[in-house]
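Please take these sequences and the hints and turn them into a complete structure.
Protein chains: 4
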Amino acid sequence: MKLRPAQTALMLAVVAMLSHLVSGASLKKKEEAVASIERHKVEIIALSDQVWGFAETALLEVRSAQVLADYAEKQGFAVERGVAGLPTAFVASFGQGRPVIGVLGEYDALPGLSQKAQAPKEALQAGAPGHGCGHNLLGTGALGAALAIKDLMAAGKLKGTIRFYGTPAEEAVGGKVYMARAGLFKDLDVCLNWHPSDETEAAVDGSQAIVEFIVEFSGKTAHAAADPWNGRSAVAALELFTTGLNRMREFVKPSVRMHYSILNGGDVPNVVPAYAKLWCWLRDSKGAGVQKLLAQAHKIAEGAALMAEVEAKITIQGGSWETLVNLTGEKVLYENLRWLGPVAFTPEEQEFAKEIQRATGVEPKGLDGAVRPWAAPKPDPEGGSTDVGDVSWLVPMLGLTVTTAPRDAPWHAWPTVACAGMSIGHKGLVYAAKALAATMVDLYEDPKTVQAIQAEFKEKTKDVAYKPFVPAGPPSLPKH
Amino acid sequence: MKLRPAQTALMLAVVAMLSHLVSGASLKKKEEAVASIERHKVEIIALSDQVWGFAETALLEVRSAQVLADYAEKQGFAVERGVAGLPTAFVASFGQGRPVIGVLGEYDALPGLSQKAQAPKEALQAGAPGHGCGHNLLGTGALGAALAIKDLMAAGKLKGTIRFYGTPAEEAVGGKVYMARAGLFKDLDVCLNWHPSDETEAAVDGSQAIVEFIVEFSGKTAHAAADPWNGRSAVAALELFTTGLNRMREFVKPSVRMHYSILNGGDVPNVVPAYAKLWCWLRDSKGAGVQKLLAQAHKIAEGAALMAEVEAKITIQGGSWETLVNLTGEKVLYENLRWLGPVAFTPEEQEFAKEIQRATGVEPKGLDGAVRPWAAPKPDPEGGSTDVGDVSWLVPMLGLTVTTAPRDAPWHAWPTVACAGMSIGHKGLVYAAKALAATMVDLYEDPKTVQAIQAEFKEKTKDVAYKPFVPAGPPSLPKH
Amino acid sequence: MKLRPAQTALMLAVVAMLSHLVSGASLKKKEEAVASIERHKVEIIALSDQVWGFAETALLEVRSAQVLADYAEKQGFAVERGVAGLPTAFVASFGQGRPVIGVLGEYDALPGLSQKAQAPKEALQAGAPGHGCGHNLLGTGALGAALAIKDLMAAGKLKGTIRFYGTPAEEAVGGKVYMARAGLFKDLDVCLNWHPSDETEAAVDGSQAIVEFIVEFSGKTAHAAADPWNGRSAVAALELFTTGLNRMREFVKPSVRMHYSILNGGDVPNVVPAYAKLWCWLRDSKGAGVQKLLAQAHKIAEGAALMAEVEAKITIQGGSWETLVNLTGEKVLYENLRWLGPVAFTPEEQEFAKEIQRATGVEPKGLDGAVRPWAAPKPDPEGGSTDVGDVSWLVPMLGLTVTTAPRDAPWHAWPTVACAGMSIGHKGLVYAAKALAATMVDLYEDPKTVQAIQAEFKEKTKDVAYKPFVPAGPPSLPKH
Amino acid sequence: MKLRPAQTALMLAVVAMLSHLVSGASLKKKEEAVASIERHKVEIIALSDQVWGFAETALLEVRSAQVLADYAEKQGFAVERGVAGLPTAFVASFGQGRPVIGVLGEYDALPGLSQKAQAPKEALQAGAPGHGCGHNLLGTGALGAALAIKDLMAAGKLKGTIRFYGTPAEEAVGGKVYMARAGLFKDLDVCLNWHPSDETEAAVDGSQAIVEFIVEFSGKTAHAAADPWNGRSAVAALELFTTGLNRMREFVKPSVRMHYSILNGGDVPNVVPAYAKLWCWLRDSKGAGVQKLLAQAHKIAEGAALMAEVEAKITIQGGSWETLVNLTGEKVLYENLRWLGPVAFTPEEQEFAKEIQRATGVEPKGLDGAVRPWAAPKPDPEGGSTDVGDVSWLVPMLGLTVTTAPRDAPWHAWPTVACAGMSIGHKGLVYAAKALAATMVDLYEDPKTVQAIQAEFKEKTKDVAYKPFVPAGPPSLPKH
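In order, the protein sequences belong to chains F, G, S and D. Going by the working numbering, 469 is the number at position 469 of the first sequence; the sequence numbering is gapless. Adding 1000 to a residue's 1-based position in the second sequence gives its number in the working numbering. Adding 2000 to a residue's 1-based position in the third sequence gives its number in the working numbering. Adding 3000 to a residue's 1-based position in the fourth sequence gives its number in the working numbering.
Bear in mind the hints are in silico, worked out from the structure with no lab data behind them. Wrong hints could be hidden among the right ones.
To be verified - With a cut-off of at most 35 Å between alpha-carbon atoms, the simulated DSBU-like pairs for lysine-lysine come out as follows:
id, chain 1, residue 1, chain 2, residue 2
1, G, Lys1313, D, Lys3299
2, G, Lys1313, F, Lys313
3, D, Lys3458, D, Lys3253
4, G, Lys1220, F, Lys365
5, G, Lys1041, G, Lys1448
6, S, Lys2220, D, Lys3354
7, D, Lys3253, G, Lys1313
8, G, Lys1253, D, Lys3313
9, S, Lys2220, D, Lys3277
10, S, Lys2378, G, Lys1462
11, G, Lys1277, D, Lys3253
12, D, Lys3460, F, Lys365
13, F, Lys74, F, Lys286
14, F, Lys313, G, Lys1354
15, S, Lys2460, G, Lys1378
16, F, Lys292, D, Lys3292
17, S, Lys2253, S, Lys2467
18, D, Lys3378, F, Lys460
19, S, Lys2253, S, Lys2292
20, D, Lys3378, F, Lys292
21, S, Lys2458, G, Lys1462
22, G, Lys1292, D, Lys3277
23, G, Lys1292, F, Lys277
24, S, Lys2028, F, Lys277
25, D, Lys3277, D, Lys3299
26, F, Lys277, S, Lys2313
27, D, Lys3253, D, Lys3159
28, F, Lys378, S, Lys2354
29, G, Lys1292, S, Lys2467
30, F, Lys313, G, Lys1220
31, D, Lys3292, G, Lys1313
32, F, Lys354, F, Lys121
33, G, Lys1186, F, Lys220
34, G, Lys1458, G, Lys1378
35, G, Lys1220, D, Lys3458
36, D, Lys3378, F, Lys253
37, D, Lys3365, S, Lys2220
38, F, Lys277, G, Lys1116
In structure tokens:
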């Protein structure tokens, strides 16, 4: 990455500005925040294990949302449930006045990834969902950070408002997008989030923009053996669509990711299928790239329909913007990581991790809990998207990743589930809570830092009008 | 079709032999059989409408089987339920001694074809099954024929045994194949069946052999955007399988039919799918052709797995032999059709049919209830298979089709469902009952005819050892 | 095949009418025609071997056309060369007045099929063309027949005109279509043709209609590794076209045949290809079916272009109508085959044939020289087309096949080439010459037969306006 | 790019070391080298235009190689032609003793890219090759640099040996790989090269590893309409291969590039094709990645063959290693670029460039002749490979790109050809000659710099045994 002059200047300014941090009164309050988290640790971990056991998928996180909201309420937060038309979304607030700082929590699982908290692959319940992205840790870790700030506020040591966002359906629908559209983030001064990972660092690379949509084809039934020539196969069109999309992979930028699931590929072979359905996700580094891909997907669907003499229909389901990185804010986060030091794992945890690495064919390097040195952002983010992206265009967003899984082990796969259900994941969530809380102490204590963060945000968004990908109205709720 | 000399000689013999039929005492009893059917007509049609309303798919025909079995029992048949390990199969018997004559009934519906009994396409219940093959008519029509024979036996006018077979799951699993393996047909002298159609004729063309199997691919999950290169996509393999199969269509004989449904094509796009599942049916005029296709399908699955670096597995689900036609028996059936004359439809029914034809883009010729003239078998059967095929290699089988739907309208589609639920279908089922009953009167009355039928059967099967396609053990029952 | 009443009546009339043939004066002249062929046999076979050696492909048959035209001229025919704008087409005429009877000759080879006149596969010259359809025999056999008639005319024993048509490019361009459009057949009373085959019979099944066209895609080049996203790949579109076409095979009638060659699929991998070219042939039993396929091919090309963001262009190259069978004429031909008896092969020839059959994995039944019994036409012709089809809609056409290759051995493949270059093929061509000549004797001698043939022709063509598939102007000549 | 500590230390050492360069006696000799190039400019540009006009593709560069070798010889170089078994390769040497410094020249064109030296796209000769990669400039620019050094040597101002390598077939076969295997580079101390581009910079990002191979399928012919089921289509297998390869694109790293040309996709549609041929190139950042892709390509070919029941064969044609970057050397080059300053284009040239940009749909920014600031290497090179890569593992390699085309215009496309034939390209080649010559003056003058370059080279190659991708023996020469 070659820094453009403007960026270089900005970084120098940031470094200068931060030199006064991590000192004096601020430091003392950070230590109290950490102590608060240590006090609540057992409860928070128990919550995480509960959510891990529920393993509820997007918009079905009824019990997961409830245990978190109940706990926040019990701890003194004012809780509003079912916000933004999402039954499993909630906001927990404490304090009053400025600054208003938010922290984001997630708790949805992924279908089909059920796994015991152990090293050989073995489903807890065959075919059931599992926390393959560690969101049980994510939600509870973020809540732990909010709780520590609340404790300091309640003790009169910090002033302002702390707000925990219970944001459902990150994996599939994008709950935050609906919450953003409902205006729930608009009065925040700064917002923070963290995500489980195989390394610990200030998240300066952002995430990809994404659009999700359904492609449906409608044809005409006929007897598949007696008179197939009287049918018009929707599944044939679907196959031509996937072939078209896959053929175009040669001609998209390396930053692009495209993937899909075939949701309906025919009922019984005996009948030429009149209906077919596919769920498709397109991603690129920027929203503009995603719009271009979407335009081509429309052409491919139309071309497939033309070939198979059926009708095609594309329905946008949702999508997220790329994450707008706030380097000023990330630097603050980074300094707090340096202050906390590495996530420390035991030899048993390292061995557990290596067993996973051996089982999944990656180098058995174990867990990497070290704080990654500050580095300039990469030209393109790694593959992956989050509805945090949408929020990041509305308020300055500070992101963090913390080690909760072995280096290089496959994500959205059983190793992540296994670690999210035992001490490795627990350590990560506690560390994340501390890092977020310590960073927030800086924000509450130092208005100039908040102003600098907001200045960068304003500069970067001055020509941008945020408009969500999702269609009007609430998302349709999945069936239990 | 060029008749081979042996066939020609056979036909001449048959024609000579049949000249004495349709005369004297036999004729009187046929008239009584027809009268019996007229008496039971209202009840039988009501049964048909019930089964049409239940619209239960393969192996789930619990209520359909029950109403038929209950009715038979009430009429005096001895009923054995749940035969051959199939909860929805039953045998209803009456009388004793030889000849033992069987008649086959079916009652399973097809998924996704729900339709009101009307001309514009409109589901009775969206997404629900429907009787797209008219099996509600089939089962009740056959039962009506058995009932007429029972009435004559009970009146002491015919001697021997009549047996009605309630055979489930024709569309998907092949109930008769399991019943055949269980030995339920082995003591029959002759067996009869009919099928709804758009024309009325003695079924001399037979049906195709078929094999049904499941193809499964097993790969490795990974995050579809972050590290897809660590995944091995089972769905990619499935797509390569279908591409391979479809590419091979250029190089199979015109008599071949191949079709499939994609049962599992991925859960959520975010995860590289580790599992995929496809249901495939392969058909040809003869079992040998089907075995050859199956061998190539194995290669295609193996090739797809090799390409995508996953594992492939093929599991045979079932299959049917081609139907062995008994020309001697068909000629007897044909003479009885001529005696009965055409199926007579009203102008309103013709208009209903034409409306369907216009709606489906075929020539609005209406219904064709005429008895088709005797014709030599075609070189290859039309596309289509039935588990009647398996029975036809165990006992001499006489088949009939009767008009229950408009000429050329798509089959396994809404028009068939619509007609099967109103007077057009009712007329066909009553006609079929009469034709089968009249033919059976000939068989009970004339041992020479039965002997001639059996002689042809023995000659044609002398070098053949029947072995069903289905794997050992009962079929796995679908979930409700 | 069920004969429709009209056809049945026609056949009965034909059989009655023909009973007087093959008798008296006519028979004597046939014997003289046969004797004439025996006299010229050595020369004709030598011509056939020359053409076999030339193995010139469509429109490049310069030497082949020349040796045939020269020989005809030497024998007294008036020869016009380069007719219809085709350098390798010619017409050789003798006699004057009515009836005017034509006989068609072909002499083009197929690319890539070079083979020695032996049983194991071995190219005479690797990669060179070969007579994989036996047209070296076809042309010389037909010329032999014309020569015999000329001899009888010259001797004052027959009256009228005999015309031999040297028709190039049957395999690829359809020379006869251009000759038809040029009006070269319009004054014929009857026309005859024969074709090499693995059986000997009057050709009552006709041939398929066909359309041939070029599909071209035009995109945009770019560096295939540096910036493929700036390119638009014409080859990707071509591949999507073939995938679309192949996917549609499930939904065409069994009578359809579709096949293609990829003529340009990119130059160097380094460059995203801006151009791609495919040659496609579509066939069905009737021209209407072919028109429907062509319409769908247009959609598939358009769909592929849409998907790949390139331009598509379809250019019709040619095509042929299905062959209109003249049953009255075929019956005359059949009677002459019966009169001639089977083609007699030696044990050595049978062994040669069996060796080929063993080498190609078909049952080693040897050669079948028997005259096949008269049989009603099949519902659909076998797969295959010929530009004879076009001529058959302009003048009554009588067709014949004669055994020149082993039963069931692959056609358009090395076995056909091998046999066409040795005694098996020679025997077939001599037999064909005799059968055609004998049939022509009937036509010259019996005006009523000609009238009956013409009556059937008029009846069958009364509602049809012949219009060739080929575009305006002469075909473009291939480069040497 | 995060620099690893070792790299950072190295860079600091390099910067220190270079501070004394570009000063004193060295500077004077650079000025003389530049003056020498100015003197020869007209001749060199004329050579470039000649080679541009020849536009000869890989291994066919007979006239191009000759004019360059002749010119070198005339200028006093000792020229050895036809080296390494390549008729169009040559080595031109001057001087004696150490250091021995080489400079690489190329002169092959690309098929199908013929273009006039003008802005709207228009072929000079339709379908002919064109210099779409600017190798006409490359070869003459490099020769110009060698000539300047020779002039200084001849004047007694520099000591050592200068060697110009005429290296053919970079685009397709990899002439340098054969020259490397023949040991032609083994006594070099340092080697230099440059490449036309749309920017001017020291080439620190290297290039991709690549393997090139031919995939052939062998099946069985049959008549495509009469009995396609007796054929085994090699083209079907080829299509399944490309489908498999294209499907795998979802599961390769973003650094991968895969592309191919279909060289034989069937002759005539009438014949099921027994042969098919494809040319495939696979690239990745490292040789290990390429080996992995090659292994999968083998599986895909095998899988396709299995599906289509044909035989597959893969033949490696060639390949290149990724370019090993020598940062020490690049820094020397960079300092000389800074000394030379930007490539200066006229307003007319800028307008020409913008016209191209508008015609190809990219932003009309014109030409960018500025020297790009020094930047750390990217994690992965841009897409692209060169046989320079192989040489870079044998001797320290210094690479340079110089602006010869408009910013962002497609490469391997008409804009590159157009600019390579007019003043824009000429300016680039003259600039490249000067930059290379000036850098070489440093190398001849300062042994410590050469030692530092060699030290880095030795460190980076200490565990690597170079082994070329190409098979034993010389490449097969293409036909004219």
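Here's how the hints hold up against the structure:
Between Lys1313 of chain G and Lys3299 of chain D, the direct Cα distance comes to roughly 18 Å. Compliance with the 35 Å bound is thereby established for this hinted pair. For the hint linking Lys1313 of chain G to Lys313 of chain F, the alpha-carbon distance of about 34 Å falls within 35 Å, and the restraint holds. A C-alpha spacing of about 29 Å is found between Lys3458 of chain D and Lys3253 of chain D, which places the hinted pair at or below 35 Å, so the restraint holds. A C-alpha spacing of about 21 Å is found between Lys1220 of chain G and Lys365 of chain F, which places the hinted pair at or below 35 Å, so the restraint holds.
For a cut-off of 35 Å, the pair hint linking Lys1041 of chain G to Lys1448 of chain G stands: about 32 Å separates their Cα positions. Simply put, Lys2220 of chain S and Lys3354 of chain D have alpha-carbon atoms about 19 Å apart, close enough for the 35 Å limit, and the pair holds. Restraint check for Lys3253 of chain D and Lys1313 of chain G: the C-alpha separation of about 28 Å stays at or below 35 Å, so the hint holds. At roughly 28 Å between alpha-carbon atoms, Lys1253 of chain G and Lys3313 of chain D fall within 35 Å of each other, so this suggested pair holds.
For the hint pairing Lys2220 of chain S with Lys3277 of chain D, the CA-to-CA distance comes to about 24 Å; that is within 35 Å, so the pair holds. With a C-alpha separation of about 30 Å, the suggested pairing of Lys2378 of chain S with Lys1462 of chain G holds against the 35 Å cut-off. Our distance criterion of 35 Å between C-alpha atoms is met by Lys1277 of chain G and Lys3253 of chain D, whose separation comes to about 27 Å. Taken as a hint, the Lys3460 of chain D and Lys365 of chain F pair is honoured in the structure, with Cα atoms around 24 Å apart against an allowance of 35 Å.
In summary, the hint linking Lys74 of chain F to Lys286 of chain F is not supported, as the alpha carbons are separated by about 41 Å, beyond the 35 Å threshold. Taken as a hint, the Lys313 of chain F and Lys1354 of chain G pair is honoured in the structure, with Cα atoms around 31 Å apart against an allowance of 35 Å. Taking the CA atoms of Lys2460 of chain S and Lys1378 of chain G, the gap is near 25 Å; set against the 35 Å cutoff, the hint holds. As the CA atoms of Lys292 of chain F and Lys3292 of chain D are separated by approximately 32 Å, the hinted pair is consistent with the 35 Å bound.
The straight-line distance between the Cα atoms of Lys2253 of chain S and Lys2467 of chain S is roughly 24 Å, inside the 35 Å bound, and the hint therefore holds. Distance hint between Lys3378 of chain D and Lys460 of chain F is fulfilled; the C-alpha atoms sit about 25 Å from each other, no more than 35 Å. With a C-alpha separation of about 11 Å, the suggested pair Lys2253 of chain S and Lys2292 of chain S falls inside the 35 Å cut-off, and the hint holds. Taking the CA atoms of Lys3378 of chain D and Lys292 of chain F, the gap is about 26 Å. The hint holds against a cut of 35 Å.
Between Lys2458 of chain S and Lys1462 of chain G the alpha-carbon distance is near 51 Å, which puts this suggested pair outside the 35 Å criterion. Pair hint Lys1292 of chain G plus Lys3277 of chain D holds up; C-alpha atoms about 28 Å apart against a cutoff of 35 Å. Distance hint between Lys1292 of chain G and Lys277 of chain F is fulfilled; the C-alpha atoms sit about 32 Å from each other, no more than 35 Å. This hinted pair does not check out: Lys2028 of chain S and Lys277 of chain F have alpha carbons roughly 75 Å apart, beyond 35 Å.
Taken as a hint, the Lys3277 of chain D and Lys3299 of chain D pair is honoured in the structure, with Cα atoms around 17 Å apart against an allowance of 35 Å. Distance hint between Lys277 of chain F and Lys2313 of chain S is fulfilled; the C-alpha atoms sit about 31 Å from each other, no more than 35 Å. For a cut-off of 35 Å, the pair hint linking Lys3253 of chain D to Lys3159 of chain D is broken: about 47 Å separates their Cα positions. At roughly 71 Å between alpha-carbon atoms, Lys378 of chain F and Lys2354 of chain S are farther apart than 35 Å, so this suggested pair is violated.
Taking the CA atoms of Lys1292 of chain G and Lys2467 of chain S, the gap is about 43 Å. The hint is violated against a cut of 35 Å. For the suggested pair Lys313 of chain F and Lys1220 of chain G, the alpha carbons sit about 31 Å apart, so the restraint of at most 35 Å is met. A hinted pair counts as satisfied when its Cα atoms are at most 35 Å apart, and Lys3292 of chain D with Lys1313 of chain G qualifies at roughly 26 Å. The suggested pairing of Lys354 of chain F with Lys121 of chain F holds, with an alpha-carbon distance near 14 Å, which does not exceed 35 Å.
For the given pair, Lys1186 of chain G sits about 42 Å from Lys220 of chain F by alpha-carbon distance, which is inconsistent with the 35 Å threshold. Only pairs whose Cα atoms come within 35 Å are accepted, and Lys1458 of chain G paired with Lys1378 of chain G is accepted, the gap being roughly 22 Å. For the proposed pair Lys1220 of chain G and Lys3458 of chain D, the alpha carbon gap of about 41 Å is over 35 Å, so the pair is violated. Straight-line distance between C-alpha atoms of Lys3378 of chain D and Lys253 of chain F comes to about 16 Å, which keeps the hinted pair within the 35 Å bound.
A threshold of 35 Å between alpha carbons decides the hint, and for Lys3365 of chain D with Lys2220 of chain S the separation of about 21 Å falls inside it, so the pair holds. Restraint check for Lys277 of chain F and Lys1116 of chain G: the C-alpha separation of about 25 Å stays at or below 35 Å, so the hint holds.
Checked against the numbered hints above, the structure violates hints 13, 21, 24, 27, 28, 29, 33, 35; every other hint is satisfied.
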